[in-house]
Amino acid sequence: MKPVKRIEIVIEEIELENVISELDRIGVVGYTIVPRAGGRGERGVRSETVQGLGNVLMTIACDERQAAAVIDAIRPILKRYGGICLVSDAMWVIHDS
Amino acid sequence: MKPVKRIEIVIEEIELENVISELDRIGVVGYTIVPRAGGRGERGVRSETVQGLGNVLMTIACDERQAAAVIDAIRPILKRYGGICLVSDAMWVIHDS
Amino acid sequence: MKPVKRIEIVIEEIELENVISELDRIGVVGYTIVPRAGGRGERGVRSETVQGLGNVLMTIACDERQAAAVIDAIRPILKRYGGICLVSDAMWVIHDS
Amino acid sequence: MFSLSNMLIPAILFFALGFLAQLIRSDLKFPPDLAKALSIYLLVAIGLHGGIELAKIDAAGALSAVAAALGLGFGLPVIAYAILVWAVRLDRLNAAAISAHYGSVSAGTFVTAIAFLDSLKVSHESYPVIMLAIMESPAIIIGLVLANMARKGQGNGHQKRVSRELVHDAFTNGSVVLLLGSMLLGAIAQPAALDKIMPFYDMMFMGVLSLFLLDMGMEAARRIGDFRKVGPSLLVFGVTMPLVGAAVGLATGHWLLGFGVGGTLLVAVLAASASYIAVPPAMRLAVPEASPALFLTLSLGVTFPFNVIVGIPLYFWAAQRLAG
Amino acid sequence: MFSLSNMLIPAILFFALGFLAQLIRSDLKFPPDLAKALSIYLLVAIGLHGGIELAKIDAAGALSAVAAALGLGFGLPVIAYAILVWAVRLDRLNAAAISAHYGSVSAGTFVTAIAFLDSLKVSHESYPVIMLAIMESPAIIIGLVLANMARKGQGNGHQKRVSRELVHDAFTNGSVVLLLGSMLLGAIAQPAALDKIMPFYDMMFMGVLSLFLLDMGMEAARRIGDFRKVGPSLLVFGVTMPLVGAAVGLATGHWLLGFGVGGTLLVAVLAASASYIAVPPAMRLAVPEASPALFLTLSLGVTFPFNVIVGIPLYFWAAQRLAG
Amino acid sequence: MFSLSNMLIPAILFFALGFLAQLIRSDLKFPPDLAKALSIYLLVAIGLHGGIELAKIDAAGALSAVAAALGLGFGLPVIAYAILVWAVRLDRLNAAAISAHYGSVSAGTFVTAIAFLDSLKVSHESYPVIMLAIMESPAIIIGLVLANMARKGQGNGHQKRVSRELVHDAFTNGSVVLLLGSMLLGAIAQPAALDKIMPFYDMMFMGVLSLFLLDMGMEAARRIGDFRKVGPSLLVFGVTMPLVGAAVGLATGHWLLGFGVGGTLLVAVLAASASYIAVPPAMRLAVPEASPALFLTLSLGVTFPFNVIVGIPLYFWAAQRLAG
Ligand SMILES: Nc1ncnc2c1ncn2[C@@H]1O[C@H](COP(=O)(O)O)[C@@H](O)[C@H]1O
Ligand SMILES: Nc1ncnc2c1ncn2[C@@H]1O[C@H](COP(=O)(O)O)[C@@H](O)[C@H]1O
Ligand SMILES: Nc1ncnc2c1ncn2[C@@H]1O[C@H](COP(=O)(O)O)[C@@H](O)[C@H]1O
Ligand code: NA
Ligand code: NA
Ligand code: NA
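Protein chains in written order, with the working numbering: chain C, 1 to 97; chain H, 1 to 97; chain Z, 1 to 97; chain E, 1 to 324; chain W, 1 to 324; chain A, 1 to 324.
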């Protein structure tokens, strides 16, 4: 097991492509996406409808250095489009250890 | 970044409205909902079917004081209808900091 | 409230039955499943399509001893089929306490 | 009594196929939204057809059908509750929750009965559709009342709020709104304009039903694993209660309402069938102490297959002897 | 002017049923994927029908329809923006986002208008379908331009990238691709082979529309809670802007394009309606500063019901006076 | 050889539209459940049609078709494996997984071929539908055997359990159950009652296929990004293997089974096509070492479009020369 940062991001589905291209730039390969999430925040209620303005929940496990880069990259997006980003500690059960 | 409590609640979809009105009472604005979750617990297997008895996964980031209020409000609901509530620590990457 | 381990597993949907039967063997009753997740990892992009090769996100709250057993059981599956497993600490708001 | 070929109507065969697929542990799965979409379609189609017929009939007949539906909706759960508490010796809260299911109806069973009548070219009155729409509500309310009586005095503030919610729910739940709403719509819409939408609700009806029953067959078979939890005496209840209900329904249809063979069969099916779509969530809210494994397994895993495979032909035979 | 019976076409009744279901707080809910599936079907069906008709008509007529659509698509948002900024005194970014919605069109309203014409057996030109497909794009682009002007000079690198994305999006968003693609397909496919697929897109059309409008009725009513946020002057905008648009559309359809009553009504509806499917995500990307509660409530909660229930019969009456 | 107008059947055009939509990076997306629903419908419809036809034909013919299907299902993966290992020099585990896909069939391609024949008004035997249902299973089993051979001796306890699961899966996976089940259903159900459900499965068939292919076009184009990973020699395999399969299929259909042009084309298509629905999850379980990017890109991104656009007309031309 390896200590990692667990980054949890909630953003609008339409912003997803943007965030992934930031991850690519930073060199973070792995992430998990749960689509069709709803929620409420400063910008009111959001839910999956035919307008497709739902949220996605993205989870990224990465080392501390990468986490810092991800946070820096995500901050302006959150500022502009809303959403949240939580960071916590976790142990990663690595495949080969 | 700001330290917050990360509350994770799994309840039945039909209970969601109830929980949200408790949050409103407490003054917690933000939450994220992942619908159509399944699971197993003391009350057996639950899954999304045409009967609509599936679970939802709700995540709430809030400060410690609010977290205590949420937990107090959620406890009788969990007792009555089942479900779980986990609380952990996280850092919130705030939009404007 | 009771301190527990929060295990978060991302695996392919087709592996789910396997993992559940391991949990049964160990005696872990409770889990939550979020279906239709997507993601990217060492084995490339995965998403829910008509081929049904999507991921599921499974969350398990259990005590430390059970967590160790779950991790041991899950490791060979992760090795063989890919996916991730993160372990973190949480407080469980128990129904009757 | 009835020939095997009666069984070979596609609706029943599709149900059997789904059941079998699950028994052999096939990985066949319907997306949950598909089943919901199919049931929305079926409810609207039933409602529209009922409404179009209703526009043609007299109010007096409709009124007595409504009265009969209310009688069945309030009466059957009481019978079921009595059997469960005194004969099966089940605790009162589970008994209340299960009773509500048997007072309500299964639209899937109802539609299968219509397919059955169609395959025999037997016509039927249109009143039973109104009854179908009406019987959901009283059953939910009586289930709530029985549960509150079982708890007697324990009713706290929370309890009262839930009760209020549920009475509201009894009249506004999705199935009721779709059935009553589209019935009204079918009755008042311009006939010429309705003709434009009816091909969708007519020609596809039996086909959509076939897919719906395929999925319901899988759902029913999934419940078999819970048979052990339910226990032998409840399983017996799951096949005798529909017989009791059918007897009451046959009597109501034939003597009270004066229906022909088709209509009498449909009333019998309304009385014999148990809800597995609208009532489970309502009872989950109303009686959280009750086990969904019990009420779902009984309504979906026992009574539904029993009615589809054994019940409908049996009640039909009885309806023929009575009204034929 | 127009009789009540005009209102009793099933399309409008289904919308009303959905609206009502939500008002009485029914738990009726459509799976979100069902609404998406229905809208895919409707767009393809509209496109195919348009394409089949287009194959028969002359290029000159098509060209002037395209020109008119571009004119409306670029012009209406400017009018809307002017009203919002000078009369409603809304901030420029929200005004830009809302304007884009009113330059674009609501396929649901358009199809309801076709159902309306059908119920009265009034024929219509086929050009408006091309206009429907074309009007999405200019509205998105002009919305972007207005927002960039409002921000003037603030456009940084990120802004430029978003703009590039959005211009791309304006021509490739799902609705545009489905409409234009299936229109082309309907125009070039072998007629004999098309005959095999058209029953699916013909006979089910009005039925699918009925379910779609049932869901849209619920969606619209869900927005009512946000009326307070929107405020009275914007609510007034939500019913006057369609009237302004309809007037422009009536003039365009009758005088510029020389259409009959049916075609003129459809052009009025194109101009009067506001997008609630393709434009909201585009404006969310383009003008994140703008509030979705405002633009969605206006387009879906105010203008859509207004057009469906009051607008279409009113514009029809006007079209009759002009072109009848 | 064949005129361009053959290409202009809507099925192929819809596939092309989806492909194009993805190429221009449109945000058009089908809800995943919609694609699943459409494929359930298509499989049931194919099965029912096959079953109705089968009820009319002789058992001897059916038996030889079954034998031919088993021959193809077991034989083609061996050919594919040999080519992959010796010519393409791929590792044995990836080769095993890919081979299984080519032994199985693509229902989407099969149905497109039927649409193609329909558009030319060429009739076809009904045996190929049975073959379609049968060919899934042997391919999965042979894929498993090849993978176990490749691993030789490494088979541990876990491996054995997976093998048992997979043999079970080979006969009970969703596609097989739907096809075989509805075929049986079509053969034994009361014809009069079947007539009530067939409008749903008849009239909508080509329309549903059009939407399904629209989505599959997008899916196929999404795989283009993985072409680099696949490499040139595998890409060549993706277009030559269908040719090899088609040759085997043409010979089987014409000489072994004595089919006409239509039936021979369909057997060729069965042999030439590669599964992209049932086999991928099975191979993911059976050979987790193999890369889904390889087998999915080949079956869905290369062979499927090749067959739909080039293959079907080409095999048809060959079938005409043989059997015409
Ligand atoms: N405190 C919170 N806890 C959990 N999720 C939140 C919170 N605040 C916002 N969110 C999520 O982030 C989305 C966008 O938030 P906002 O931009 O503040 O409207 C919301 O729809 C929620 O899904
Ligand atoms: N130990 C656990 N870990 C994760 N989720 C759980 C656990 N126990 C219960 N759950 C979730 O909570 C739901 C209700 O639990 P219960 O009321 O115990 O049946 C289950 O269906 C699971 O989704
Ligand atoms: N670093 C990561 N963070 C979050 N999720 C991951 C990570 N790596 C892998 N995953 C998830 O695990 C799945 C399988 O990973 P892999 O086996 O590495 O391809 C991916 O599709 C992701 O959903
Ligand atoms: Na009943
Ligand atoms: Na407009
Ligand atoms: Na093949």
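Heads up, a few of these hints could be off.
[Stated by the list, open to error] The list that follows gives simulated cross-link-like pairs (lysine-lysine, DSSO-like), each with its CA atoms no further than 27 Å apart:
(1) K29(A) with K29(W)
(2) K2(H) with K2(C)
(3) K2(C) with K79(Z)
(4) K29(A) with K79(Z)
(5) K121(E) with K79(H)
(6) K121(A) with K56(W)
(7) K2(Z) with K79(H)
(8) K29(E) with K229(A)
(9) K152(E) with K79(H)
(10) K79(C) with K79(H)
(11) K29(W) with K79(C)
(12) K29(E) with K152(E)
(13) K121(E) with K56(A)
(14) K29(E) with K121(W)
(15) K56(A) with K29(E)
(16) K56(E) with K121(W)
(17) K2(Z) with K2(C)
(18) K79(Z) with K56(A)
(19) K56(E) with K79(H)
(20) K56(E) with K160(E)
(21) K29(W) with K160(W)
(22) K79(Z) with K121(A)
(23) K56(A) with K121(A)
(24) K79(C) with K121(W)
(25) K152(W) with K56(W)
(26) K121(W) with K160(E)
(27) K2(Z) with K2(H)
(28) K29(A) with K229(A)
(29) K79(C) with K56(W)
(30) K160(W) with K29(A)
Hints are computed from structural coordinates only; laboratory data are not their basis.
Remember, predicted model here, so these are calculated numbers, not experimental data.
Do the hints match the structure? See the list:
no., hint, verdict
1, K29(A) with K29(W), "holds (22 Å)"
2, K2(H) with K2(C), "holds (24 Å)"
3, K2(C) with K79(Z), "holds (16 Å)"
4, K29(A) with K79(Z), "violated (33 Å)"
5, K121(E) with K79(H), "violated (54 Å)"
6, K121(A) with K56(W), "holds (25 Å)"
7, K2(Z) with K79(H), "holds (16 Å)"
8, K29(E) with K229(A), "violated (32 Å)"
9, K152(E) with K79(H), "holds (20 Å)"
10, K79(C) with K79(H), "violated (39 Å)"
11, K29(W) with K79(C), "violated (33 Å)"
12, K29(E) with K152(E), "violated (43 Å)"
13, K121(E) with K56(A), "holds (25 Å)"
14, K29(E) with K121(W), "violated (44 Å)"
15, K56(A) with K29(E), "violated (31 Å)"
16, K56(E) with K121(W), "holds (25 Å)"
17, K2(Z) with K2(C), "holds (24 Å)"
18, K79(Z) with K56(A), "violated (52 Å)"
19, K56(E) with K79(H), "violated (52 Å)"
20, K56(E) with K160(E), "violated (43 Å)"
21, K29(W) with K160(W), "violated (40 Å)"
22, K79(Z) with K121(A), "violated (54 Å)"
23, K56(A) with K121(A), "holds (21 Å)"
24, K79(C) with K121(W), "violated (54 Å)"
25, K152(W) with K56(W), "violated (47 Å)"
26, K121(W) with K160(E), "violated (54 Å)"
27, K2(Z) with K2(H), "holds (24 Å)"
28, K29(A) with K229(A), "holds (24 Å)"
29, K79(C) with K56(W), "violated (52 Å)"
30, K160(W) with K29(A), "holds (26 Å)"
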